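Visitor: Below are the chains, spelled out letter by letter.
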Amino acid sequence: MSDNKKTMIVFSGDLDKAIAAMIIARGAAAMGNEVTIFFTFWGLNLLRKPEKVNVKKSFLESMFGLMMPRGAKKAGLSKMHMGGLGTRMMQYVMKTKNVPTLPEMITEAQEFGVKFIACTMSMDIMGIKEEELLSGLEFAGVATYLGNADEANLNLFI
Amino acid sequence: MSDNKKTMIVFSGDLDKAIAAMIIARGAAAMGNEVTIFFTFWGLNLLRKPEKVNVKKSFLESMFGLMMPRGAKKAGLSKMHMGGLGTRMMQYVMKTKNVPTLPEMITEAQEFGVKFIACTMSMDIMGIKEEELLSGLEFAGVATYLGNADEANLNLFI
Amino acid sequence: MSDNKKTMIVFSGDLDKAIAAMIIARGAAAMGNEVTIFFTFWGLNLLRKPEKVNVKKSFLESMFGLMMPRGAKKAGLSKMHMGGLGTRMMQYVMKTKNVPTLPEMITEAQEFGVKFIACTMSMDIMGIKEEELLSGLEFAGVATYLGNADEANLNLFI
Chain A
1132 MSDNKKTMIV FSGDLDKAIA AMIIARGAAA MGNEVTIFFT FWGLNLLRKP
1182 EKVNVKKSFL ESMFGLMMPR GAKKAGLSKM HMGGLGTRMM QYVMKTKNVP
1232 TLPEMITEAQ EFGVKFIACT MSMDIMGIKE EELLSGLEFA GVATYLGNAD
1282 EANLNLFI
Chain B
1132 MSDNKKTMIV FSGDLDKAIA AMIIARGAAA MGNEVTIFFT FWGLNLLRKP
1182 EKVNVKKSFL ESMFGLMMPR GAKKAGLSKM HMGGLGTRMM QYVMKTKNVP
1232 TLPEMITEAQ EFGVKFIACT MSMDIMGIKE EELLSGLEFA GVATYLGNAD
1282 EANLNLFI
Chain C
1132 MSDNKKTMIV FSGDLDKAIA AMIIARGAAA MGNEVTIFFT FWGLNLLRKP
1182 EKVNVKKSFL ESMFGLMMPR GAKKAGLSKM HMGGLGTRMM QYVMKTKNVP
1232 TLPEMITEAQ EFGVKFIACT MSMDIMGIKE EELLSGLEFA GVATYLGNAD
1282 EANLNLFI
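Sequence order for the protein chains is A, B and C.
Position in the first sequence (from 1) plus 1131 gives the number in my numbering.
Position in the second sequence (from 1) plus 1131 gives the number in my numbering.
Position in the third sequence (from 1) plus 1131 gives the number in my numbering.
For the record, the hints were derived by calculation from the structure and aren't laboratory data.
Among the hints, erroneous ones may be present.
Copies of one chain are not kept apart here, so a pair can be met inside one copy or by any two copies together.
[What the hints assert, rightly or not] With a straight-line Cα cutoff of 27 Å, these simulated DSS-like cross-link-like pairs (lysine-lysine) come out:
id	residue 1	residue 2
1	Lys1136	Lys1205
2	Lys1187	Lys1136
3	Lys1246	Lys1136
4	Lys1226	Lys1260
5	Lys1226	Lys1187
6	Lys1204	Lys1228
7	Lys1136	Lys1188
8	Lys1187	Lys1228
Computed from a prediction, not measured in an experiment: that's the story for all the values here.
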């Protein structure tokens, strides 16, 4: 185990939880940690490119793709979403307080050297293809996660 | 602390979170870890037998029992449940991809030696009796959890 | 790393998750651990004084303040809230089983020496002022959390 490694599983695609994850990741990276984030299930949606990408999908995969938010900019609050009103209020308040947006936080985290891993099993189930996701990702499964977690001294499930 | 012990608290009874927990548990067990899962609150519903069991309950306990899903097969998605439609879509997709169902994953995890502990305090509050739960469980409280967590190098709350 | 330090991030303001956190915190403290809880985002609502406190707020901060539950007594279940009915049922059942209420658990945890830290960045975003929160808190950000987590052998995100 190493004192300067951290992992997070980002299972949630909610705006608020993703912000919490990015603040922890960026803070830990700034303090000299190697941070690895595994994006799985709804968390994968945070990594989707905002524009439609032409890839071959089954009917159900296309349906899932349409129903889920395409990218971090579309993420909503886990509470008080209120048809988008609460989410927009939160985004507005963050802007007035000079807090970066979630997409900016994600870019920053990558620039700070935080390693992003997309869970391949979730991608398969949800029909998300590599071309639909941001660049700079790695692709791996649970064994890689467990190997990273074994070396880390902080492991969170978000 | 041991490098090959892991614990999870499964608080959620949601299909997607339970799948994530079982994939981690099974992966860790396959890599030689002793894995202990504490099922608490809504997570207990994952361990309920699918059929009705005749046990003596107070009126409120019976109400809770009726309102909560009976067993892993009835678990729904935390997002996009859509009155059951999204959940059935997810289950259908998993089947087409040859991913085991959640009840199958739970059985497999037990066969792989993952230890399942049902939280007795939650059982008491929710009025769930031992006879209503799957076989092969242990029953314990927070002190047992903390003892296990102290020896583990990965502890997640799901 | 120390074997007798634990941290939790309480991100959720839900009654059930807060109860789980307090049971773990109290159990760990009773077993001789130093427990630190970081309250962030919706979790901050658990620390709000139940009465209205006159502080200067912007219009949006006042809106957030009105929309979010004021204190642990107002916290609702994450599932089966059912317009408050499920939450009241749970609270009633807990009372009949002699389980303390959430506000009592919070007071007890503080008496047991559990350290409560309110996340200053979340306070800023949500417009929550120190005067609106319970006494006995500390105020800090992610660096303090990470410093504590580095010394702990159990770190949960709830």
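Visitor: Which holds for Lys1187 with Lys1136 at a C-alpha limit of 27 Å: within a copy, between copies, both or neither?
Guide: neither (37 Å within a copy, 41 Å between copies)
Visitor: Could you figure out if Lys1136 and Lys1205 sit no more than 27 Å apart (CA to CA) within one copy, between two copies, both or neither?
Guide: Cα proximity of Lys1136 and Lys1205: none, with 30 Å in one copy and 38 Å across.
Visitor: Up to 27 Å between alpha-carbons, please classify Lys1204 paired with Lys1228: within, between, both or neither.
Guide: Intra 18 Å, inter 30 Å, cutoff 27 Å: intra-copy only.
Visitor: How would you label the pair Lys1187, Lys1228 (within, between, both, or neither) given a Cα cut-off of 27 Å?
Guide: So Lys1187 and Lys1228 pass the 27 Å test across copies only (16 Å; inside, 42 Å).
Visitor: Checking an output row: Lys1246 and Lys1136, CA cutoff 27 Å. Within, between, both or neither?
Guide: Classified as both: same-chain Cα gap 11 Å, cross-chain 25 Å, threshold 27 Å.
Visitor: Using 27 Å as the alpha-carbon threshold, which applies to Lys1136 and Lys1188: within, between, both, or neither?
Guide: neither (37 Å within a copy, 40 Å between copies)
Visitor: Using 27 Å as the alpha-carbon threshold, which applies to Lys1226 and Lys1260: within, between, both, or neither?
Guide: Classified as between; 19 Å across copies, 32 Å inside a copy.
Visitor: For Lys1226 and Lys1187, with the copy left unspecified, which applies at a CA distance of at most 27 Å: within, between, both, or neither?
Guide: Between. Shortest inter-copy distance 20 Å satisfies the 27 Å Cα cut-off; intra-copy 38 Å does not.
Hint compliance for this structure: hints 1, 2, 7 are broken, all remaining hints hold.
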